[in-house]
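Put the complex together from the two separate chains, hints included.
Heads up: the sequence lines are chains B and P, in that order.
Mapping of the first sequence onto our numbering: position 110 corresponds to residue 110, and the numbering continues sequentially without gaps.
Mapping of the second sequence onto our numbering: position 144 corresponds to residue 1144, and the numbering continues sequentially without gaps.
It cannot be assumed that every hint is accurate.
Think about it this way: if two alpha-carbon atoms lie no more than 20 Å apart in a straight line, the pair counts; the simulated PhoX-like pairs of lysine-lysine are [as the list claims (entries may be wrong)]: (1) B:225 <-> B:70; (2) B:138 <-> P:1112; (3) B:58 <-> B:126; (4) B:138 <-> B:48; (5) B:99 <-> B:219; (6) B:54 <-> B:85; (7) B:184 <-> B:174; (8) P:1137 <-> P:1081; (9) P:1112 <-> B:54; (10) P:1210 <-> P:1026; (11) B:17 <-> P:1081; (12) B:48 <-> B:58; (13) P:1112 <-> B:48; (14) P:1112 <-> B:58; (15) B:149 <-> B:58; (16) B:149 <-> P:1112; (17) P:1026 <-> P:1137; (18) B:184 <-> B:172.
The following label-pair restraints were derived from C-beta to C-beta distances [as the list claims (entries may be wrong)]: (19) B:219 <-> P:1085: 56 to 62 Å; (20) B:218 <-> P:1191: 41 to 47 Å; (21) P:1041 <-> B:28: 26 to 32 Å; (22) P:1030 <-> B:197: 41 to 47 Å; (23) P:1030 <-> B:183: 52 to 58 Å.
Note that these hints are calculated values from the structure, not bench results.
The beta carbon of each residue, even a glycine, is placed where N, CA and C say it ideally should be.
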Amino acid sequence: MSKKNPIQKNAQTGSLKMLWSMAGIGLICAFLIVMTYEGTLPRIERLKAEALEKAIFKVIPGMTKKRTFKLDENNNFIEISSDEKDAQLVYAGYDDNDKLLGIAVPASGMGFADILHILYGYDPNKQAVVGFYVLESKETPGLGDKIEKDENFLANFAALDVALSDGNTTLKNKVVTVKHGAKKNNWEIDGITGATISSRAIGNIMGESTEQMVPLIFKNIEVFK
Amino acid sequence: MSKQNKNKTGFFANLENSPSTDEFIKGLWRDNPVFVQVLGMCPVLAVSNTAINALAMGLATAFVLLMSNILVSSLRNFIPKQVRIASYILIIATFVTMTDYAIQAISVELHKALGAFISLIVVNCLILSRAEAFASKNTIGKSMLDALGMGLGFTFALFCLGAVRELMGNGSIFNIPIFPDNYQEWVVMILPAGGFFTLALWLLLFNAAKVNRTEVR
Chain B
1 MSKKNPIQKN AQTGSLKMLW SMAGIGLICA FLIVMTYEGT LPRIERLKAE
51 ALEKAIFKVI PGMTKKRTFK LDENNNFIEI SSDEKDAQLV YAGYDDNDKL
101 LGIAVPASGM GFADILHILY GYDPNKQAVV GFYVLESKET PGLGDKIEKD
151 ENFLANFAAL DVALSDGNTT LKNKVVTVKH GAKKNNWEID GITGATISSR
201 AIGNIMGEST EQMVPLIFKN IEVFK
Chain P
1001 MSKQNKNKTG FFANLENSPS TDEFIKGLWR DNPVFVQVLG MCPVLAVSNT
1051 AINALAMGLA TAFVLLMSNI LVSSLRNFIP KQVRIASYIL IIATFVTMTD
1101 YAIQAISVEL HKALGAFISL IVVNCLILSR AEAFASKNTI GKSMLDALGM
1151 GLGFTFALFC LGAVRELMGN GSIFNIPIFP DNYQEWVVMI LPAGGFFTLA
1201 LWLLLFNAAK VNRTEVR
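With the rest of the complex left out, here is chain P (with noise of 0.2 Å):
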């Protein structure tokens, strides 16, 4: 265990040392936004009982976080203070709607899945909080690599516990059976409780792996 966390030390380490890389790693793991900085709980918690439903809402709000950092960025300077977060809003709401419609063109199931909680990435604080605290200062390469770093990073914590979840309250993984016929489901996993317990056990991880590491150094 020790061997590992010390390889994956020295392998982050490596890739952090390059400063054009280092705005896309660290969302993917110092700056995790869901096991470091715990932002956009509400579809971390609500839309993760699946391991299809945690990717594609993942995937639907790296989307609209990358496209709202680049045109956030490319207008930084053209925005005046006073109307930023509304200008900020305006553009998410923009791309979500997009996202939106571009989800019903893929599958009416998803969308029916998905629904509501695609209207709710407007509100995600992960998705503003990078348009201000980011996009709003740095160049559009940059900003676009935050973006892609921390998308990816949300997909990833996000299918972590929707995969977790699905497996231990259903059995399969993408509705792919994995347990044989007679294990019996942990029906909770699937129900919100399941979310905190599984997000729980995925921050204790997180932590520990943290601390190994600081010690390691």
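For reference, chain B alone in the conformation it holds in the complex (with noise of 0.2 Å):
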């Protein structure tokens, strides 16, 4: 074969250059993460939008129209025309007719490999979450990422009872993950063997996010409106 260039054989290295080749290869590394990273960035902004955009449409059935809501610090909702980055958004759907079907809500926790972002759909005259999208997830495939795709699962957010209680501050009851098979009440989602703790950060992403999202909504709800 070819002539080749065997690495050095006994070679005394000093740990300096080991240092040096390490970190000077580092920083080669570095460069070209950051160059691609700042390259791809307004593309990928671009392509999350339109893909939250779709996901919008999915939780909540039979919306035609958008309006996006942020939440101030005063925990008022206010509309705006674009999307603001660090602000917690809300995105209302309405059918032909401008009626309020319901109101999309991402909301994201840590998952088992990474952070989970989600969106849901809230409906307030159901006070029920209507529909459930996973946004970005790096959960183990064939196992974690059943959260995404095991139709049992999937079922839990066809009608999700997030009623509020007397005062409408609170929820009557928090959403929870509960083991595979003893689901009992509306407020409950059914976890899934196999996939117990990325089903059960659902859960928990879920019933933070409503425990606060919820009546702060519902005390809006004639803003959205």
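Here it is, written out as structure tokens:
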């Protein structure tokens, strides 16, 4: 075969040289990653915004129009014309006659592998969650990613009870994930065997987000109408 | 069949005699990373459920392999042997991160389908083995040819699996229906078990061709 340049044998390499070479390679790698990140960021953001738009229409069945609202520091919702970064946004969905059908709420929390980003649709008339979509997940393929594909799991979110208590300030029952097959009430999420941590993570994210957002949305319901 | 094989043998034999193309051809056929070396089985079995997933994963791996081989080969005289594996992993991880961003920029849906597997390219033994066994000892040109051959060989193998699994399991290729509507899908082919069945059949075919070729020679 061809002439090769074998790795130097028995060469005594000082720690400093090893350090320098690792640091040098690290610098080259960092430069390459930053260049790619900067180069692809505008397009990735545009595609993600388009995917979010599609997801909003999925979680609120029957909607044809969308309006975006921001939660301000006084816990009031204000309508905004374009998405703002680092703000808690919600998206209200309407039918052709401008009747409010539901509100899509993004939420996130720690999953098994990384942070899970989800979107759920809240119907204030039914006082229930009526749609669910995983926006971003790095859960284990074949196991944790069942939260996106398992039909029995997704059926939990066709009508998940998030009714408010008498004072309209808290939920009657917090949303929780229960063991697969143990679901008895409408506010419980039937977990997935083999994706226990991921399905519990969804329960925690939904539980915390609905506990905070549903009373606020209900309080400001006139703003959305 | 035997006549066809004889022709193929002649064709590959001619190409293999040329030293510059040998580095390229060996990965495609003689040392195919999946069918001969049986390397990188995790993505081969996991992502080959549809033709498009298989093709995308194959091309992503080929890109990482090509770029890491080029960089490893060009830095081969500067990397001390004690830290070479760590350096290779760092280089491979960089190109995997770049690929991850690139796929996100191409399609969110594709990234969702491949998402978790993209990160796993870092630990694909095929890439590390080419860096260690070839790129660290050969010139940039040869390392590029080696990576192109191995990368395309890997993509070809993944596509072979993906196309068969999608065709049997979904009745389509690249989401284009091939069989009539009343075709009863073999769901097992889309499931992980189908990956093993299809791989076994391809290995059988490849080994039969290899035995045939040896006998002809």
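- request: Enumerate the violated hints, using their earlier numbering and listing them in ascending order.
  value: none
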